[in-house]
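Colleague: Listed below, chain by chain, are the residues.
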Amino acid sequence: MLNTTPALEFKSSTFFAPILILYTNDLAAIEQTLHEKINLAPEFFKDSPLIIDLRELNKQNQDLDFTQIIQLLRRVSFFPVGIRGGNESQNKQARALFIPIDTVREQGSSIIIGESQKQEAAQQPAAQPETVTIKEPSIRPVPIPPVAATATLVTQPIRSGQRIYAAGDLIILSQVSAGAEIMAEGNIHVYNTLRGRALAGVHGNTAARIFCFDLQAELISIAGDYKTSEDLNKQTYNHPVQIYLQNHALIIKEIA
Amino acid sequence: MARIIVVTSGKGGVGKTTTSAAIAMGLAKKGHKTAVIDFDVGLRNLDLILGCERRVVYDFINVINGEASLNQALIRDKNCNLLYILPASQTRDKDALTQEGVGKVLDELSKDFEYIVCDSPAGIEKGANLALYFADDAFVVTNPEISSVRDSDRMLGILSSKSRRAERNEEPIKEYLLLTRYDADRVKLGEMLSLEDVQEILSLELLGIIPESKSVLSASNAGMPVILDEKSEAGQAYADVVARYLGEKLPHRFIDGKQGFLRRLFGGRK
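Respectively, the protein sequence lines represent chains A and B. Each step along the first sequence adds one to the number in this note's numbering, with nothing skipped, and position 182 is 182. Each step along the second sequence adds one to the number in this note's numbering, with nothing skipped, and position 196 is 196.
I should point out that these hints are in silico values taken from the structure, not numbers from a laboratory. Don't take each hint at face value.
As the list claims (entries may be wrong) - A few chain B positions that, by computed beta-carbon distances, are all more than 10 Å from chain A:
| id | residue |
| --- | --- |
| 1 | 42 |
| 2 | 65 |
| 3 | 69 |
| 4 | 81 |
| 5 | 90 |
| 6 | 99 |
| 7 | 103 |
| 8 | 150 |
| 9 | 157 |
To be verified - With a straight-line Cα cutoff of 30 Å, these simulated DSSO-like cross-link-like pairs (lysine-lysine) come out:
| id | chain 1 | residue 1 | chain 2 | residue 2 |
| --- | --- | --- | --- | --- |
| 10 | B | 78 | B | 33 |
| 11 | A | 11 | B | 162 |
| 12 | B | 94 | B | 162 |
| 13 | B | 111 | B | 78 |
| 14 | B | 188 | B | 231 |
| 15 | A | 11 | B | 33 |
| 16 | B | 188 | A | 234 |
No residue lacks a Cβ here, since even glycine has one placed at the ideal position from N, Cα and C.
Whenever a hint applies, use it, and build me the whole structure from the sequences.
Modeller: Here it is in structure tokens:
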């Protein structure tokens, strides 16, 4: 029998990875701060892919031995998968270490929206990806200001085949049809029947919740944990519910 | 300025062309000068339903390409002198349609006509998208079955986002539901979706229910829009649709079906 299965295929996909922004070339200080951060959430950082951002460092004209920083990161169980904002010699070193180089793009351009280009969501800046900052130990760490992602309000029905993406919370007053897909980095509120797919906390916010008046969804997901309609409990089907994550389990609870 | 109506559905075989022919004829019969355009380039059907297939010389694509004038291509209906048909080309495909060309033809028709009915092809590709792009009103033709309802829902999403009105941020296209091939007996038996089932998903303004009727097929074969068959239920239902569209308040008929003689005698099937 002939084997007609192809050996491989290419597909396009998007992944999220933390970005490590360096503010100093002091390797000892970097290592110490990294250990502190990792101790806060060892599971989160363990074997995590990482992109190294050298723009700040190069702005200050601080030179960095790229090979050494890679060795350091690997030692503390990160997997550096990219560099951006590096100078010529840093890029050269990265290439020698088989680390891809990303050319710096403008931020706030990642608007994902289906056919409804006129939705308010299109005007929203996209939230910044998860970032880890390393500062000089002598200077108090300044937290990155949170991106002001306001709620997106949609009043017309979301029909089959439409996709809505909100950088913050997503509030929908009309029905969401089967075959539609609504996604939010924050919470999702549907003050009507939810028949399509609803994905809250798409950037990994495990505290995000989904609220809806009438649960008939094809799929619900919070921070990547999902359930399909087949797994939905009959008792909550067709009821007003809230959905949240508890110990990596999706809890669907009726709102009385 | 003419009012542009698109008759659309997503799914094929639900009755778009039958509906286009019927409502175009209905509007013309009510005294409004109406043009009906077949957008199904390559699968020309409207001329058959309207019984003018032997008078087609030039078509929509010829007009778009400037090979014929609009007056040369428009065919006046033999039953009503206020109805004109712009047939599709049978030898071309949908790629021959351009947004610019369609816009130009519609602009020119708008000067002279009160209503322009665009008979959309099935699918969500170029032909269907261009048929709805310039529309003011949409008649969404749906059969009472789940795949047709789903496709109509998809079409409604496209209507609200890919039309000229949506692109220009104007008042959205007015969407109406037309439930066709409705068989009240099968609804009662649970074999077909009921009006409520369909409306739960689509929630649209209902323009009318067209009952499943043998007269539709015989009218099509005879090349006469079913609305001219005033004795048939489907013909009456289309007449109601046109009247409601023009603002008349009429109660909806054909939801419950008629009580047959045997049914009355034996108290119906269980």
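Colleague: Identify every previously stated hint that the structure contradicts and give their numbers, smallest first.
Modeller: 8, 9, 15
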